[in-house]
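A.B. asks: Heads up: the sequence lines are chains A and B, in that order. Just so you know, we're using the UniProt record's numbering here: the first sequence kicks off at 1 and counts up by one. Just so you know, we're using the UniProt record's numbering here: the second sequence kicks off at 1 and counts up by one.
Some clues are possibly wrong.
Treat identical chains as interchangeable: a pair holds within one or across any two.
Calculated cross-link-like contacts (lysine to any residue; reagent style SDA-like; alpha-carbon spacing at most 25 Å) [to be verified]: (1) LYS128 with ALA52; (2) LYS33 with LEU120; (3) LYS128 with ASP154; (4) LYS91 with ASP137; (5) LYS91 with THR115; (6) LYS91 with ASP119.
Source of the hints: derived by calculation from the structure; they are not laboratory data. A quick note: this is a predicted structure, and the numbers were derived from the prediction, not measured.
Number of protein chains: 2
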Amino acid sequence: MSLVKSKTNTNRLRNARILIVEDNSDHLVLITKAIQQSFTGVESVMVTDEHAAINYLRECVQTGVRLPQLILLDLYLPERQNGWNLLKMIKSHTPEISQIPVVIFSNSDHHEDITESYDLGVTSYVVKPINYDEWVDYFQTLKDYWWETVSLPDSRSTY
Amino acid sequence: MSLVKSKTNTNRLRNARILIVEDNSDHLVLITKAIQQSFTGVESVMVTDEHAAINYLRECVQTGVRLPQLILLDLYLPERQNGWNLLKMIKSHTPEISQIPVVIFSNSDHHEDITESYDLGVTSYVVKPINYDEWVDYFQTLKDYWWETVSLPDSRSTY
Chain A
1 MSLVKSKTNT NRLRNARILI VEDNSDHLVL ITKAIQQSFT GVESVMVTDE
51 HAAINYLREC VQTGVRLPQL ILLDLYLPER QNGWNLLKMI KSHTPEISQI
101 PVVIFSNSDH HEDITESYDL GVTSYVVKPI NYDEWVDYFQ TLKDYWWETV
151 SLPDSRSTY
Chain B
1 MSLVKSKTNT NRLRNARILI VEDNSDHLVL ITKAIQQSFT GVESVMVTDE
51 HAAINYLREC VQTGVRLPQL ILLDLYLPER QNGWNLLKMI KSHTPEISQI
101 PVVIFSNSDH HEDITESYDL GVTSYVVKPI NYDEWVDYFQ TLKDYWWETV
151 SLPDSRSTY
């Protein structure tokens with residue numbers, strides 16, 4: 001890994017912002033702790049339902065506040081239809097919102113939940129980890145992939 | 001990481017198949033070597049243009065051959081319009097093909113190339129690594145994310 005690349009990554013992480021949509025308070029505690037441990041420097045915005053999520057994204061656009069580069073969406077909020085509705089709203093929005101990668105994370109590993117989510121345009125579907133160490137691994141992988149490897153849609157404006 | 005999870009991952013990797021669309025023969029050599037080193041067990045299908053790629057995918061469906069779970073697409077084949085045309089064909093196809101995540105990898109880090117690719121439904125956009133070690137890291141990250149963490153659309157039928 002070259003020095004130049006490492007510098008870029010540091011800059012990327014300094015500007016990392018994730019929107020997390022999760023209605024389960026136990027999971028929110030786990031997620032917050034795991035992010036602090038494995039994803040230092042990321043700013044996480046947490047909301048508990050789909051209306052708050054879409055309102056937050058629209059407000060960012062209206063007020064010029066920097067949008068999150070990644071959205072983590074719990075599918076069952078509390079029904080899967082709530083998660084899918086939000087996914088549809090995001091994917092049918094204007095490009096600055098519709099281009100943000102959405103990762104669904106859910107307790108469900110039902111085939112229909114997975115395939116319907118991909119059909120509606122989710123970037124990837126992750127079954128929620130079971131224990132805390134796996135949550136830490138999960139966020140580490142997320143960071144390695146989305147911030148150390150991928151060029152996100154807003155790569156020019158942020159860095 | 002639990003034993004159960006490790007077993008699942010081994011099964012996943014045993015069934016891993018990637019379609020690589022790349023017209024640069026030097027890069028194909030690097031990719032093949034890097035995959036052998038960091039992504040043992042994966043079966044990679046390589047084609048050099050968009051027509052061969054879509055024909056391969058259609059043949060899989062028609063003959064019942066297992067589809068790849070991930071498509072790596074070089075954008076400039078040799079023009080970016082070639083890559084985008086293939087992306088459009090994939091994304092407008094029937095679900096078994098349109099749901100396969102497509103990762104664009106390209107030498108270009110131009111903002112327009114990145115945002116237009118996301119607008120056309122690419123899952124993620126990666127600027128090609130510069131040296132061989134970075135290619136190995138790149139495939140390691142790809143494996144960790146897509147095979148160790150994500151549930152891919154075909155997760156029921158393959159495992």
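A.B. asks: All hints are to be evaluated individually against the structure, with a verdict given for each.
C.D. replies: Consistency of the hints with the structure:
In this assembly of identical chains, LYS128 and ALA52 lie within 25 Å of each other by CA distance solely inside one copy; the values are 22 Å within and 37 Å between copies. Taking the closest pair of Cα atoms, LYS33 and LEU120 never come within 25 Å of each other, the shortest separation being 30 Å inside a single copy and 35 Å across copies. Within a single copy, LYS128 and ASP154 get their C-alpha atoms only as close as 27 Å, which misses the 25 Å cut-off; across copies the closest is 18 Å, which meets it. Taking the closest pair of Cα atoms, LYS91 and ASP137 never come within 25 Å of each other, the shortest separation being 28 Å inside a single copy and 31 Å across copies.
In the homo-oligomer, the alpha carbons of LYS91 and THR115 lie at most 25 Å apart both inside one protomer (16 Å) and across protomers (14 Å), since each shortest distance falls under that limit. When the C-alpha separation of LYS91 and ASP119 is checked against a cutoff of 25 Å, the pair qualifies both within a copy, at 11 Å, and between copies, at 10 Å.
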